[in-house]
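Peer 1: Here is what each chain is made of, one letter per residue.
Protein chains: 2
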Amino acid sequence: MRDVCIIGIGQTPIGELWDTSLRQLAYQALKAAAADAGIERPDALYVGNMLASRLSDQAQLGALVADFCGWRGIEAATVEAACASGGVAVQAGVRAIASGMADVVAVCGVEKMTEATSHEVTSGLATAADADYEVAHGVTFVALNALLMQRYMYEYDVPHEAFAPFSLNAHRNAVSNPNAMFRRAITLETYRKAPIIAPPINLYDSSPICDGAAAVILAPLAVARELGITPIRVLASVTATDCLNLDDRRDLLGLEAAQISAQKAYEQTGITPDDVDVFEVHDAFSIMAALSLEAAGFAERGKATHLARDGGIAPDGRVPISTMGGLKARGHPVGATGVYEIVDVVTQLRGEAGANQVQDAAIGMTQNIGGTGATVVTHILARE
Amino acid sequence: MRDVCIIGIGQTPIGELWDTSLRQLAYQALKAAAADAGIERPDALYVGNMLASRLSDQAQLGALVADFCGWRGIEAATVEAACASGGVAVQAGVRAIASGMADVVAVCGVEKMTEATSHEVTSGLATAADADYEVAHGVTFVALNALLMQRYMYEYDVPHEAFAPFSLNAHRNAVSNPNAMFRRAITLETYRKAPIIAPPINLYDSSPICDGAAAVILAPLAVARELGITPIRVLASVTATDCLNLDDRRDLLGLEAAQISAQKAYEQTGITPDDVDVFEVHDAFSIMAALSLEAAGFAERGKATHLARDGGIAPDGRVPISTMGGLKARGHPVGATGVYEIVDVVTQLRGEAGANQVQDAAIGMTQNIGGTGATVVTHILARE
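Protein sequences, first through last, are from chains A and B.
This note's numbering applies: residue 118 is where the first sequence begins, and numbers increase by one.
This note's numbering applies: residue 118 is where the second sequence begins, and numbers increase by one.
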């Protein structure tokens, strides 16, 4: 098995990008990543996407994007696991190289959400839940997260306001990220007064509907050295699953797939949570940030809000999260998010994170979560 | 890179399966394949599917199916490339093993099409084409294939009736396949009198809307030997792409992605078309069977109908195709088809194809085609 590393990254700004179509988003991110890596044409392309089939009436994005990038002929496919689509696409890229079947692989996460009606988007996002056992009862995806948050607050006796630091941290960090959707800090007062989306989830507990694409170029270590690039190594790329429907979870607040995938990644690398300098967390909702931090071993069960309250999640904290704004404020173009997380960690490990730079960041980790925890992809990256 | 082989196969009958849900279809095929291989639980699962997001409001099939099979926790994802979804899912499975990251991998292709309205299915299938440049003009997927067929007939001066042998062969072979949708032979007269779907394509040039699932279990050669199984080796697994839209093809009737993927598969294995004992072709429309045979080097350009006319595609012919009924008569549950093709070839290589057995079949090939040729996956399999 060959060592795999990241030799290029690219991203579009995230927002309501009326002038940019689905394929143009993917193109911009991929071309930026290819230019960053100094490559012309990859051997293969994996596209992470969740909603194009419903919202853009477009399947077969792999071939579509490959052709639009001028890479007609190469191997290409789409990989999907709801909001973890970006993460599983990166894993597919890692496999292609590790197996020796490809040398230079491009991975793009892309989502175009803002051209559809809010009904179409809400129905689309609900496909991440169990259609027969959850959505058939009329529950939305936000509502499922609200059930988790409510249970968390009850089980651990945590007030709603305890989640505010997740949102404040994300918004503060987004200010200096030119690609972030919401480049403004918010106050505790703003969080307190936010309209409720699905109780107890409020506007600032939730990530936005948006458009965006991120991309990485992967290569074997040897190729990176040939190109004269200081590579970021992919030490672990692990996916684990759980049932989609919350009612059948063995441990409702345990986020079991996140536990399994983090544990396997730690075992494969010998790295522990203490070694991780930056953790890009899947804060689609603030409750998910808390659950992921606990499942990955960065906080004890029921204590993630304490970590956040004590400044542990800030860029100078014990485990910096959402360092470029996270899903909350950088934005959450769903199928692209897993790749944005990787791009953010690479930016940190390269020391290019500007005002949000985590000092001496050498080891970074991401968790990309599909549904309410049904698919979880953990990546551990390290500076050479 | 480790050698990969197929140690188990499973399938559901294909048809209008009103009593069987999407997840149940996948379950039945996977459990049959696992039983065939004698394994309890794979390390990973890849699901090939095209339409569940639109027709069943269900994303994240990887985790959903893994859980429904009792495999909660394992790695899982969905892989999509329109009607080549099954093929790219098999390739993902091959990669997982070749890279050493998994030992036993399950791959399932599944599609549930008959619960939706015909408008929903027609719109869904059209997502395989270019939404912005083709479908926006109102063209359906059948109509795009009709354009290809019309051009073929004009370019090579071939009458419509010359395509009849593809349909007759498929229907004849389906009679003895208990899993086929249409287990009845048809006559030339039936073909001649068939209603037109989109001129020149008639009913018997077209594969049916249907439900079904097929599965394979993959393992390294060493594991197969431990289990005491005579494995079928995966010698090549190659994907290539082209533009989605027909108007931008460099060579309209060349099916360039099929040429590239076949050529690479031949180069990787040293196998030539003459060595192939059975070729499961993507006969979604009879024109596609002809184009694929030519692109893969089994017939000269413009001569595939001659091969068919002269009996070359029958089970005792030079290059037997659609040996269990093909997409035409076995059925074409779109995202499942690439896996059905592999299952059919394995059945042949094991010598278990009954009345349709190709004598001494040792090397088999499949081509799975997404869209009108935008994604093409070629697999070459061989008996140990």
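Treat the hints loosely; a few may be bogus.
Said to hold, decoys possible - Label pairs and their computed distance ranges (CB to CB): (1) B:272 with A:158: 28 to 38 Å; (2) A:417 with B:339: 34 to 44 Å; (3) A:295 with B:467: 21 to 31 Å; (4) A:339 with B:418: 56 to 66 Å; (5) A:417 with B:217: 28 to 38 Å.
Claimed, not checked - Short derived list, chain B residues pointing at chain A, Cβ under 10 Å: (6) 152; (7) 155; (8) 157; (9) 158; (10) 180; (11) 194; (12) 198; (13) 208; (14) 209; (15) 240.
What the hints assert, rightly or not - Chain A side only, calculated, beta carbon under 7 Å to chain B, not exhaustive: (16) 180; (17) 199; (18) 236; (19) 244; (20) 358; (21) 468; (22) 501.
These aren't lab readings, by the way, just hints derived from the structure by calculation.
What you are looking at is a predicted structure, and each value in this text was computed from that prediction instead of being measured.
Positions of the beta carbon are idealized from the N, C-alpha and C atoms, including for glycine.
Peer 1: So the hint says 56 to 66 Å: do the beta-carbon atoms of residue 339 of chain A and residue 418 of chain B match that?
Peer 2: Violated, at about 41 Å.
Peer 1: Can you verify the interface hint for residue 199 of chain A: is its Cβ closer than 7 Å to any Cβ in chain B?
Peer 2: Cβ of residue 199 of chain A sits 4 Å from chain B, so the hint holds.
Peer 1: Please check whether residue 236 of chain A passes as an interface residue: C-beta within 7 Å of a C-beta belonging to chain B.
Peer 2: violated (13 Å)
Peer 1: Restraint: residue 158 of chain B near chain A, CB-CB cut 10 Å. Satisfied or not?
Peer 2: violated (12 Å)
Peer 1: At a threshold of 10 Å, is the proposed contact between residue 194 of chain B and chain A supported by beta-carbon distances?
Peer 2: Hint holds; residue 194 of chain B Cβ to chain A Cβ min 4 Å, cut 10 Å.
Peer 1: Let me know if the C-beta of residue 240 of chain B comes in closer than 10 Å to any C-beta of chain A, holds or violated.
Peer 2: holds (7 Å)
Peer 1: Given a cut of 7 Å on the nearest C-beta pair, is the interface hint for residue 180 of chain A held or broken against chain B?
Peer 2: holds (4 Å)
Peer 1: Could you check if residue 244 of chain A really has its C-beta closer than 7 Å to a C-beta on chain B?
Peer 2: holds (4 Å)
Peer 1: For residue 272 of chain B and residue 158 of chain A, compare the CB-CB distance with the range 28 to 38 Å and indicate the outcome.
Peer 2: holds (31 Å)
Peer 1: Is the distance from the Cβ of residue 295 of chain A to the Cβ of residue 467 of chain B consistent with 21 to 31 Å?
Peer 2: violated (59 Å)
Peer 1: For the hint on residue 501 of chain A, does the least C-beta distance to chain B fall short of 7 Å?
Peer 2: violated (21 Å)
Peer 1: Taking 34 to 44 Å as the hint, is the beta-carbon distance of residue 417 of chain A and residue 339 of chain B inside that range?
Peer 2: holds (42 Å)
Against the hints set out earlier in the document, violations occur for numbers 3, 4, 6, 7, 8, 9, 18, 21 and 22.
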